Amino acid sequence: MKTVRKKSNKGIKSICFMNLLVCILFIDGNSKSMFADNIFDFSQAIQTNQAQYSDNTLFQDLIPIDEESLNIAEMSLLIAKEEYSEIKIEDYVDCVDWYARMIKARITDSDGPRSIISIINEFLFDELEFIYVPTGNLEDLYLNKVIDRRIGNCVGLSILYLSIAERLNLPLFGVNVPDHIFVRYDDGEQKINIETGHKGVNRSDSFYVSNSIERFDEKSIEHGCYLQNLNTKEVISNILLNRSKIREENGDYKGALDDCDKAVLLNPKNPGIYCNRGVIHEKMGMFSDAIKNYDLAISLNRKYASAYYNRGSLFGVVGRYGQAIKDFNEAIAISPGFTLFYLNRAIAFKKMGRIDKAILDYDKIIDIDPDYAQAYCNRGVAFAETGRFDDAINDLNKAIELDPYLSDAYFSRAIFFADNNKLKEAIEDLGKCISLTPDKIFTYYLRGKMYKETGEFEKAIQDFSKAIIVRPSMAGLYIDRGVLLLQTGRIDEAITDFDKSLELFPGNPVAFRYRGESFKEKGQYEKAIDDLEMFLKIAPGAPNANIIRNEIEELKIAFLLN
Numbered sequence: 001m002k003t004v005r006k007k008s009n010k011g012i013k014s015i016c017f018m019n020l021l022v023c024i025l026f027i028d029g030n031s032k033s034m035f036a037d038n039i040f041d042f043s044q045a046i047q048t049n050q051a052q053y054s055d056n057t058l059f060q061d062l063i064p065i066d067e068e069s070l071n072i073a074e075m076s077l078l079i080a081k082e083e084y085s086e087i088k089i090e091d092y093v094d095c096v097d098w099y100a101r102m103i104k105a106r107i108t109d110s111d112g113p114r115s116i117i118s119i120i121n122e123f124l125f126d127e128l129e130f131i132y133v134p135t136g137n138l139e140d141l142y143l144n145k146v147i148d149r150r151i152g153n154c155v156g157l158s159i160l161y162l163s164i165a166e167r168l169n170l171p172l173f174g175v176n177v178p179d180h181i182f183v184r185y186d187d188g189e190q191k192i193n194i195e196t197g198h199k200g201v202n203r204s205d206s207f208y209v210s211n212s213i214e215r216f217d218e219k220s221i222e223h224g225c226y227l228q229n230l231n232t233k234e235v236i237s238n239i240l241l242n243r244s245k246i247r248e249e250n251g252d253y254k255g256a257l258d259d260c261d262k263a264v265l266l267n268p269k270n271p272g273i274y275c276n277r278g279v280i281h282e283k284m285g286m287f288s289d290a291i292k293n294y295d296l297a298i299s300l301n302r303k304y305a306s307a308y309y310n311r312g313s314l315f316g317v318v319g320r321y322g323q324a325i326k327d328f329n330e331a332i333a334i335s336p337g338f339t340l341f342y343l344n345r346a347i348a349f350k351k352m353g354r355i356d357k358a359i360l361d362y363d364k365i366i367d368i369d370p371d372y373a374q375a376y377c378n379r380g381v382a383f384a385e386t387g388r389f390d391d392a393i394n395d396l397n398k399a400i401e402l403d404p405y406l407s408d409a410y411f412s413r414a415i416f417f418a419d420n421n422k423l424k425e426a427i428e429d430l431g432k433c434i435s436l437t438p439d440k441i442f443t444y445y446l447r448g449k450m451y452k453e454t455g456e457f458e459k460a461i462q463d464f465s466k467a468i469i470v471r472p473s474m475a476g477l478y479i480d481r482g483v484l485l486l487q488t489g490r491i492d493e494a495i496t497d498f499d500k501s502l503e504l505f506p507g508n509p510v511a512f513r514y515r516g517e518s519f520k521e522k523g524q525y526e527k528a529i530d531d532l533e534m535f536l537k538i539a540p541g542a543p544n545a546n547i548i549r550n551e552i553e554e555l556k557i558a559f560l561l562n
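In terms of UniProt numbering, the sequence shown opens at residue 1 and continues consecutively.
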């Protein structure tokens, strides 16, 4: 996820709509150029069209509209109004009109396409100082916020550029490449790519093929997925796709999925929409639907490394490790420099018992990035499992040296110390792990077990109590705490814990056994007998079954004597 960087608006002049008519008066209405003589009065049309739309009907109304009847500024602002209900769309349409008029006034009859593009670039990026940011914030996406702040991402700035071109009857189009959109002039004879992320500089198609972080193949170009001129609806789909990603990152999966579904209807040829929808389905637990969407993304772009990676990761989650490895292999073949692909393949190899293969992948990660702490941590665990204990502790120490805040490294080293009977060191590392990730229940549980081993019962009870606070539905935690309460003479508290454990897991023989022992300590022999007999009924073959039977006989005698 990219870091959000906010830029101050200090020193940036806002648009003054009061001066709009004054600006228009200075434009020579008789000037001739390749543009239409008159710029459309969009503001008047907007006021009529706004009545047709509401937050609930906007998209349904958009689908059947003929392309020639759409104007991109209006549609993008109507989508923005779903988030910013207070905005006056006609004001922003007036602003775009003003931009177009100012640009038109500077164009002469002798200006060709490149000169005109240069004039637009100078006006937007030099004079008005519009700034590109590589972020995915709503304020960088929506046209109203782009105009207010003069800051936008590739979608926001491209929408602005196309809105101006639309008013000037310029043959400009949006063009998609993976995770990016730019603008292209195309009059059928001459094509000029306009990179709004770099002040409108011209970039060749081959530049995008070579420099796109996400690779794409020739067939994806031939099929119209990338580097093809987009119609207005296809451009609008980029707004919905970007908003979907923002909503997904904020945990609004329903809203994110709704935006993806709409984006697919507007542009069914964009592999990124299917990949993003797969991520949303995955987070919603809809694994089958997620895999179908990853399949679709890959079918449209056979070099879509992220889609292979996402599908492989999901295969790993559901235990299909062989298929996961195949997908990670594809992702690595496409983008061999991405360490995350090796990391997840190593995890899949380890799950399949191929620790030797996992170690080789961790070696590769460290070759690519010698400061990747997580790779040292994971390799250290793998070394420990293969008996290479010196290598294991060296890697775990290295991981902590590189990243003192990596809780996984402290946790793994604690397990290593515990396995080597160094409980003091293990407890210390688990304490560090808890300070970094206080919501990890298993860390409290393990430290509680170790405190029990060292005879520090009160500290153990405290850790089991903290684990219960984090996960109150885990029956086993009440048993562990209850046993310690029993051993420290707090019988009634122990019985309460065993009661709670049985409430959560009614058939737990261990809870019956220790509650029986608690009743025995209180002299409630009949209850003790009932619980111990229930233990034998549930677990008749338990290793201590004969001991329990003898105990029951002794309790029956004690009961009769009392």
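Keep in mind the hints are simulated off the structure, nothing from the lab.
Where hints are given, some of them may not hold.
[As the list claims (entries may be wrong)] Pair ranges (Cβ atoms, derived):
#  : residue 1 : residue 2 : range
1  : Thr488    : Asp363    : 15 to 23 Å
2  : Thr437    : Met284    : 22 to 30 Å
3  : Met284    : Gly319    : 32 to 40 Å
4  : Ser85     : Gly285    : 29 to 37 Å
5  : Thr488    : Ala558    : 36 to 44 Å
6  : Arg106    : Asn211    : 30 to 38 Å
7  : Thr488    : Ala542    : 19 to 27 Å
8  : Lys88     : Arg114    : 31 to 39 Å
9  : Leu138    : Phe287    : 41 to 49 Å
10 : Ile213    : Arg106    : 48 to 56 Å
11 : Phe442    : Met284    : 20 to 28 Å
[To be verified] Computed list of lysine-lysine pairs in BS3-like fashion (alpha-carbon distance at most 25 Å, straight line):
#  : residue 1 : residue 2
12 : Lys199    : Lys219
13 : Lys364    : Lys219
14 : Lys254    : Lys219
15 : Lys452    : Lys520
16 : Lys424    : Lys459
17 : Lys357    : Lys292
18 : Lys254    : Lys81
19 : Lys233    : Lys191
20 : Lys424    : Lys357
21 : Lys104    : Lys81
22 : Lys254    : Lys233
23 : Lys466    : Lys452
24 : Lys440    : Lys466
25 : Lys233    : Lys219
All values reported here derive from a predicted model rather than from experimental measurement.
Don't be surprised by glycine CBs; every beta carbon is placed ideally from N, CA and C.
Which of the numbered hints are not met once you compare them with the structure shown? 1, 3, 5, 9, 10, 12, 13, 14, 17, 20, 21
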